[in-house]
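Protein chains in written order, with full-length UniProt numbering: chain A, 1 to 568; chain B, 1 to 568.
Hints in this document: simulated from the structure, not taken from any laboratory.
From the three backbone atoms N, C-alpha and C, an ideal C-beta is built for every residue, glycine too.
One thing to keep in mind: the hints can contain errors.
Said to hold, decoys possible - Example chain B residues on the side facing chain A (calculated, C-beta under 10 Å, incomplete):
1. A31
2. Y262
3. K303
4. L309
5. I312
Unchecked claim - Some chain B residues flagged as far from chain A (calculated, every beta-carbon gap over 12 Å):
6. L33
7. V65
8. L130
9. I133
10. A210
11. L219
12. A230
13. A357
14. S367
15. L441
16. L446
Said to hold, decoys possible - Dumping the calculated SDA-like pairs for lysine to any residue here, alpha-carbon to alpha-carbon at most 25 Å:
17. A:K242 with B:N27
18. A:K372 with A:E172
19. B:K439 with B:Q100
20. A:K371 with A:E172
21. B:K377 with B:A358
22. B:K514 with B:M114
23. A:K242 with B:A35
24. B:K381 with B:A358
25. A:K242 with B:L349
26. B:K381 with B:I39
27. B:K103 with B:L227
28. B:K242 with A:K213
29. A:K242 with B:I39
30. A:K242 with B:I66
31. A:K242 with B:I49
32. B:K103 with B:T379
33. B:K242 with A:I28
34. B:K242 with A:A31
35. B:K439 with A:K372
There are 2 protein chains.
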Amino acid sequence: MAVDWGGLLMNPGVVSATDYTSIASINIFVALLCACIVIGHLLEEHRWINEAITALVIGLCTGCVILLTTQGKSSHILVFSEDLFFIYVLPPIIFNAGFQVKKKQFFRNFMTIMLFGAVGTLISFIIISLGAIGLFRKLDIGALEIGDYLAIGAIFSATDSVCTLQVLNQDETPLLYSLVFGEGVVNDATSVVLFHAIQNFDLIHIDAVALLKFVGNFLYLFFSSTLLGAIAGLLSAYVIKKLYFGRHSTDREVALMILMAYLSYMLAELLDLSGILTVFFCGILMSHYTWHNVTEKSRITTKHAFATLSFIAEVFLFLYVGMDALDIEKWRSVSNSPGKSVIVSSILLGLVFVGRAAFVFPLSALSNWRKKSPEEKITFKQQVTIWWAGLMRGAVSIALAYNQFTSLGDTEERGNAFLITSTITVVLFSTIVFGLITKPLVGFLLPPSTDHSSSITLSFTSEPSSPPRSYLSMLLAFGQESQVEEEQTVPPPPPDLRMILTAPSRSVHHYWRKFDDKFMRPVFGGRGFVPFVPGSPTERSLHPYQPSKSQQEEGDDPPPLSPVPATS
Amino acid sequence: MAVDWGGLLMNPGVVSATDYTSIASINIFVALLCACIVIGHLLEEHRWINEAITALVIGLCTGCVILLTTQGKSSHILVFSEDLFFIYVLPPIIFNAGFQVKKKQFFRNFMTIMLFGAVGTLISFIIISLGAIGLFRKLDIGALEIGDYLAIGAIFSATDSVCTLQVLNQDETPLLYSLVFGEGVVNDATSVVLFHAIQNFDLIHIDAVALLKFVGNFLYLFFSSTLLGAIAGLLSAYVIKKLYFGRHSTDREVALMILMAYLSYMLAELLDLSGILTVFFCGILMSHYTWHNVTEKSRITTKHAFATLSFIAEVFLFLYVGMDALDIEKWRSVSNSPGKSVIVSSILLGLVFVGRAAFVFPLSALSNWRKKSPEEKITFKQQVTIWWAGLMRGAVSIALAYNQFTSLGDTEERGNAFLITSTITVVLFSTIVFGLITKPLVGFLLPPSTDHSSSITLSFTSEPSSPPRSYLSMLLAFGQESQVEEEQTVPPPPPDLRMILTAPSRSVHHYWRKFDDKFMRPVFGGRGFVPFVPGSPTERSLHPYQPSKSQQEEGDDPPPLSPVPATS
Numbered sequence: 001m002a003v004d005w006g007g008l009l010m011n012p013g014v015v016s017a018t019d020y021t022s023i024a025s026i027n028i029f030v031a032l033l034c035a036c037i038v039i040g041h042l043l044e045e046h047r048w049i050n051e052a053i054t055a056l057v058i059g060l061c062t063g064c065v066i067l068l069t070t071q072g073k074s075s076h077i078l079v080f081s082e083d084l085f086f087i088y089v090l091p092p093i094i095f096n097a098g099f100q101v102k103k104k105q106f107f108r109n110f111m112t113i114m115l116f117g118a119v120g121t122l123i124s125f126i127i128i129s130l131g132a133i134g135l136f137r138k139l140d141i142g143a144l145e146i147g148d149y150l151a152i153g154a155i156f157s158a159t160d161s162v163c164t165l166q167v168l169n170q171d172e173t174p175l176l177y178s179l180v181f182g183e184g185v186v187n188d189a190t191s192v193v194l195f196h197a198i199q200n201f202d203l204i205h206i207d208a209v210a211l212l213k214f215v216g217n218f219l220y221l222f223f224s225s226t227l228l229g230a231i232a233g234l235l236s237a238y239v240i241k242k243l244y245f246g247r248h249s250t251d252r253e254v255a256l257m258i259l260m261a262y263l264s265y266m267l268a269e270l271l272d273l274s275g276i277l278t279v280f281f282c283g284i285l286m287s288h289y290t291w292h293n294v295t296e297k298s299r300i301t302t303k304h305a306f307a308t309l310s311f312i313a314e315v316f317l318f319l320y321v322g323m324d325a326l327d328i329e330k331w332r333s334v335s336n337s338p339g340k341s342v343i344v345s346s347i348l349l350g351l352v353f354v355g356r357a358a359f360v361f362p363l364s365a366l367s368n369w370r371k372k373s374p375e376e377k378i379t380f381k382q383q384v385t386i387w388w389a390g391l392m393r394g395a396v397s398i399a400l401a402y403n404q405f406t407s408l409g410d411t412e413e414r415g416n417a418f419l420i421t422s423t424i425t426v427v428l429f430s431t432i433v434f435g436l437i438t439k440p441l442v443g444f445l446l447p448p449s450t451d452h453s454s455s456i457t458l459s460f461t462s463e464p465s466s467p468p469r470s471y472l473s474m475l476l477a478f479g480q481e482s483q484v485e486e487e488q489t490v491p492p493p494p495p496d497l498r499m500i501l502t503a504p505s506r507s508v509h510h511y512w513r514k515f516d517d518k519f520m521r522p523v524f525g526g527r528g529f530v531p532f533v534p535g536s537p538t539e540r541s542l543h544p545y546q547p548s549k550s551q552q553e554e555g556d557d558p559p560p561l562s563p564v565p566a567t568s
Numbered sequence: 001m002a003v004d005w006g007g008l009l010m011n012p013g014v015v016s017a018t019d020y021t022s023i024a025s026i027n028i029f030v031a032l033l034c035a036c037i038v039i040g041h042l043l044e045e046h047r048w049i050n051e052a053i054t055a056l057v058i059g060l061c062t063g064c065v066i067l068l069t070t071q072g073k074s075s076h077i078l079v080f081s082e083d084l085f086f087i088y089v090l091p092p093i094i095f096n097a098g099f100q101v102k103k104k105q106f107f108r109n110f111m112t113i114m115l116f117g118a119v120g121t122l123i124s125f126i127i128i129s130l131g132a133i134g135l136f137r138k139l140d141i142g143a144l145e146i147g148d149y150l151a152i153g154a155i156f157s158a159t160d161s162v163c164t165l166q167v168l169n170q171d172e173t174p175l176l177y178s179l180v181f182g183e184g185v186v187n188d189a190t191s192v193v194l195f196h197a198i199q200n201f202d203l204i205h206i207d208a209v210a211l212l213k214f215v216g217n218f219l220y221l222f223f224s225s226t227l228l229g230a231i232a233g234l235l236s237a238y239v240i241k242k243l244y245f246g247r248h249s250t251d252r253e254v255a256l257m258i259l260m261a262y263l264s265y266m267l268a269e270l271l272d273l274s275g276i277l278t279v280f281f282c283g284i285l286m287s288h289y290t291w292h293n294v295t296e297k298s299r300i301t302t303k304h305a306f307a308t309l310s311f312i313a314e315v316f317l318f319l320y321v322g323m324d325a326l327d328i329e330k331w332r333s334v335s336n337s338p339g340k341s342v343i344v345s346s347i348l349l350g351l352v353f354v355g356r357a358a359f360v361f362p363l364s365a366l367s368n369w370r371k372k373s374p375e376e377k378i379t380f381k382q383q384v385t386i387w388w389a390g391l392m393r394g395a396v397s398i399a400l401a402y403n404q405f406t407s408l409g410d411t412e413e414r415g416n417a418f419l420i421t422s423t424i425t426v427v428l429f430s431t432i433v434f435g436l437i438t439k440p441l442v443g444f445l446l447p448p449s450t451d452h453s454s455s456i457t458l459s460f461t462s463e464p465s466s467p468p469r470s471y472l473s474m475l476l477a478f479g480q481e482s483q484v485e486e487e488q489t490v491p492p493p494p495p496d497l498r499m500i501l502t503a504p505s506r507s508v509h510h511y512w513r514k515f516d517d518k519f520m521r522p523v524f525g526g527r528g529f530v531p532f533v534p535g536s537p538t539e540r541s542l543h544p545y546q547p548s549k550s551q552q553e554e555g556d557d558p559p560p561l562s563p564v565p566a567t568s
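Take the sequences, apply the hints, and build the full model.
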């Protein structure tokens, strides 16, 4: 598959007027993005249809129109390029996920999230690979090697939980939300790392040593990527704290945060690590330390600018996938056996169902077994929701499929053509059909309480992601409690061994907080450790150990940034 | 000149690991951008060296290092591409210029700005073209056609006043600042439009009709581009006001503003208009209408996000130019006659000096003759400052020169090589040498008053562009006066003919305000016409015809966005 950016970037009209069509392409694309945003907004009220579906459908329609106007020659404006995807579109989405994640919930459920995201994805990968080997061999769809089957496993293990997240209410079901969200990110990273490990893996001589090497390689990628992200985040916090850019320019602070986050991603790619994991952890550390070291204006700007970039990238992506789905070239090879194409897609969809069920329910049971209190346990209805949330397949699957099955430009080859078209079919079907079912299904499984309906009129809590006041006050109470805990100068009683065994993540979290306050925050800044700035309403109250009300509202998370004085 | 984005965008490591060097390039580039920001910040205190010079010097040093490590084969990481420049780098810079411009000052001095920016650039263009025709013909530097000489005129009429703007204090000398700033933008647009008109112009048959056509084409480009920008800005205001995105999502508002601004630029390019002018006026209208229709958070975000994008683009640009300057290919053709190269550069520099002097002083006299009050007149020292501010040549010159002299890949051709290397020499010399002299020169011509030194500690006025409190209160008083003027229901006395002739821009401004309040703002929103939103501190007081204090602080301009209550 060719990278068609050369064409896209050719001469704008004002300079030499040579490549009229590429400017027209950009125009159409940007206009479609605007249309997606406006239509997505108009459809917001009845949340059956979300932004992803809107963009996909608009993309499909545009593809149809282009197909008709070019008399069936072409359906897309841009050629799908996994480079464009991995270099420009994915980083802002993943970084924003890390930056906006509710860290307290994330780290509190860290073990469970890793269980689902890493172990679960591995189980799903094994089942889908084995299933594909067993079922496709009988179908005669062309020559596929063992590497192809393993790649299928990795491709279809990459979930896309955006759709479910739009429906879940993170205030009513915080545990469920953080599990689905966290699993989604860790899953993306795991499947990309897996895919990469497979491509580097010598598949001819498989033995115990090779398998051990594979696992070692996987773990190395996982931990070194995380470490790199943490270093980048800490470095940005340290630099901004030491140099104190805000004194002169808000723009420098914001620019440095954007550039250092992007640098961490590209550096990971350069070192053959997983950029996704790196930039995700960079985002977490930036929101934990760096974000507190910048001026009030920079905080508001970064919070919304990152969310906006991520939003544009997501809409762009679905539009892109929708337009690319109708590409006539790919369908040509499989058009003489449409029945077989349907069967391949159905098998893959079935494997996705089974592969996900095979880990969600057992791992939930395992997680429940570790937990003591009933409200920390995952109910059966929640388990079904988690299972459902990961059935959609999205752009990561498409990007990986293109990479595996078109890397030598051989879409013409029959087996490859089957897998590309099946991937597109699975992605379209799961996103649109499952996406439409999600809202009523979640409504049926987790009937919403009705006391949040008034929050929509409050200007500063009107965003879907910001918690309504009632929940804030709950967190407020919790934040105060934990703050008091931290302020004790008397050392805490020695930890009960049973407590560590039964709820290890909770006590790990507790010790981390102690360590953080004693060693990390004094060096890297963060909540309560930013220098005093006169005239700043939030910073005025951010003296060490004198936490203000607003600080505690979301615990570790960025406060909701309300410029409204507390009296309102 | 080849567009090397294909190479740049090739496969990141995680996917297929084929193009290691391109990822390395992006890494180096982003790391250098970070370095420029940090070093620029450290050098901020003594403002002799500004960000542009820092980036240029870092770019040059990196070029040297690459030259040494590749043993003289290559000096740049990216090939300079005017497409990259015109499609991605220039739009955010120009849009931000329009968005942040102090509209009251800009429109108050509109006639003078257009006089300098449009008429002045034309004069400068004619003098430089004629001078080049007269002097270069004797030099034997290769075959140059009449079109090349006219292109030289357009290329060297494009000024770069960033450096001077960083030194000027817009609070102490608002007239001077708005003149230099406004002229810089209009000049950019004029020279690009001129350049474009020359390329489309049949230079073989020059007669009165052709010349008239040329002028007509120029005026058509100018006014239709402006109109397109205005339409885009008004459309964004209308859509955001009608749909009221903020109710659901800040991100949608911000995304729509960014995308519509970019769409206006690309649409102008598609229609062969001047994208620069379009996006500039789109920025002005967006800050006048759209910006007031969005939520408080979106306002802060857009203000700083646009400034940050523009900042990154500017630093990127100078870094790029610095690295490209050492490109060994271009210097090969001229290396056998270094003396002649120096002479060509000196002649061009001399023509720039003369060409600028030839319009600054006469046009200033003309402008002064129209003005009545002495404080509106441009003093001789200010005239020298304006003259000096436009002597630097920057990235627009480089981009146009590449387009004219390498468009067929014939840098090898002797005349073209001379002009490319001379352009680089003039840009480097003027930016670095003149840039270093600017600070002391302006300090000598316009000695600063000392009562603003304390403003640096105020957190919310710490940005270079935001006016200190004392100036704010001046504007406040002015704003109240004009507000009262607007609220009169009695029609004003019929305009005095003499007043219109002597101070036409002022009375035009007055009638525009009336028209704006009566017809435009009720439809498109804007200050005082945004819907009432409960819970929002600024919007709460933004009832129609009940302007709050904060609204009037800067008249038409975005208020300084201080979330500090007035009591602090």
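Here is how each hint holds up against the structure:
1. Because the closest C-beta pair between B:A31 and chain A is about 6 Å apart, less than 10 Å, the hint holds.
2. Because the smallest distance between the Cβ of B:Y262 and any Cβ of chain A comes to about 6 Å, under 10 Å, the interface hint for this residue holds.
3. Interface hint at B:K303: satisfied, since its Cβ lies 8 Å from the closest Cβ of chain A, which is below the 10 Å cut-off.
4. The criterion of a C-beta within 10 Å of any C-beta in chain A is met by B:L309, whose closest approach is roughly 9 Å, and the hint holds.
5. Taken as an interface hint, B:I312 checks out: its beta carbon lies about 5 Å from the nearest beta carbon of chain A, inside 10 Å.
6. A Cβ of chain A approaches the Cβ of B:L33 within 12 Å, the least distance being about 5 Å, so the stated non-interface status is violated.
7. Against chain A, the non-interface label of B:V65 holds: every CB pair exceeds 12 Å, the least being about 18 Å.
8. No Cβ of chain A comes within 12 Å of the Cβ of B:L130; the nearest lies about 25 Å off, and the non-interface call holds.
9. A cut-off of 12 Å between C-beta atoms confirms that B:I133 is not in contact with chain A; the least separation is 24 Å.
10. With a least CB separation of 20 Å from chain A, B:A210 remains clear of the 12 Å interface cut-off, as annotated.
11. The beta carbon of B:L219 sits about 16 Å from the closest Cβ of chain A, which is more than 12 Å, so the claim that it is off the interface holds.
12. No Cβ of chain A approaches the Cβ of B:A230 within 12 Å, the least distance being about 18 Å, so the stated non-interface status holds.
13. Look at B:A357: its CB is around 29 Å from the nearest CB on chain A, clear of 12 Å, so calling it non-interface holds up.
14. The claim that B:S367 lies off the interface holds: its Cβ sits roughly 30 Å from the closest Cβ of chain A, which is beyond the 12 Å cut-off.
15. The beta carbon of B:L441 is kept farther than 12 Å from every beta carbon of chain A, the shortest such distance being approximately 23 Å.
16. For B:L446, the condition that its CB be more than 12 Å from all CB atoms of chain A holds, with the nearest at approximately 22 Å.
17. Between A:K242 and B:N27 the CA atoms are separated by roughly 24 Å; this keeps the pair inside 25 Å, and the hint holds.
18. For the suggested pair A:K372 and A:E172, the alpha carbons sit about 21 Å apart, so the restraint of at most 25 Å is met.
19. The straight-line distance between the Cα atoms of B:K439 and B:Q100 is roughly 23 Å, inside the 25 Å bound, and the hint therefore holds.
20. For the hint pairing A:K371 with A:E172, the CA-to-CA distance comes to about 20 Å; that is within 25 Å, so the pair holds.
21. Distance restraint check for B:K377 and B:A358: the Cα-Cα separation of roughly 19 Å lies within the 25 Å cut-off, and the hinted pair is therefore satisfied.
22. With a C-alpha separation of about 23 Å, the suggested pair B:K514 and B:M114 falls inside the 25 Å cut-off, and the hint holds.
23. Under the criterion of a C-alpha separation no larger than 25 Å, the hint pairing A:K242 with B:A35 is consistent with the structure, at around 15 Å.
24. The straight-line distance between the Cα atoms of B:K381 and B:A358 is roughly 16 Å, inside the 25 Å bound, and the hint therefore holds.
25. A hinted pair counts as satisfied when its Cα atoms are at most 25 Å apart, and A:K242 with B:L349 does not qualify at roughly 42 Å.
26. Restraint check: the Cα-Cα separation between B:K381 and B:I39 comes to about 32 Å, which exceeds 25 Å; the hinted pair is violated.
27. A C-alpha spacing of about 17 Å is found between B:K103 and B:L227, which places the hinted pair at or below 25 Å, so the restraint holds.
28. Note on B:K242 and A:K213: the hinted pairing is violated, with a Cα-Cα distance of about 60 Å set against a maximum of 25 Å.
29. This hinted pair checks out: A:K242 and B:I39 have alpha carbons roughly 13 Å apart, not beyond 25 Å.
30. For the hint pairing A:K242 with B:I66, the CA-to-CA distance comes to about 31 Å; that exceeds 25 Å, so the pair is violated.
31. A C-alpha spacing of about 22 Å is found between A:K242 and B:I49, which places the hinted pair at or below 25 Å, so the restraint holds.
32. The hinted pair formed by B:K103 and B:T379 meets the criterion: a straight-line CA distance of about 23 Å does not exceed 25 Å.
33. For the proposed pair B:K242 and A:I28, the alpha carbon gap of about 23 Å is at most 25 Å, so the pair holds.
34. Between B:K242 and A:A31 the alpha-carbon distance is near 19 Å, which keeps this suggested pair within the 25 Å criterion.
35. As the CA atoms of B:K439 and A:K372 are separated by approximately 69 Å, the hinted pair breaks the 25 Å bound.
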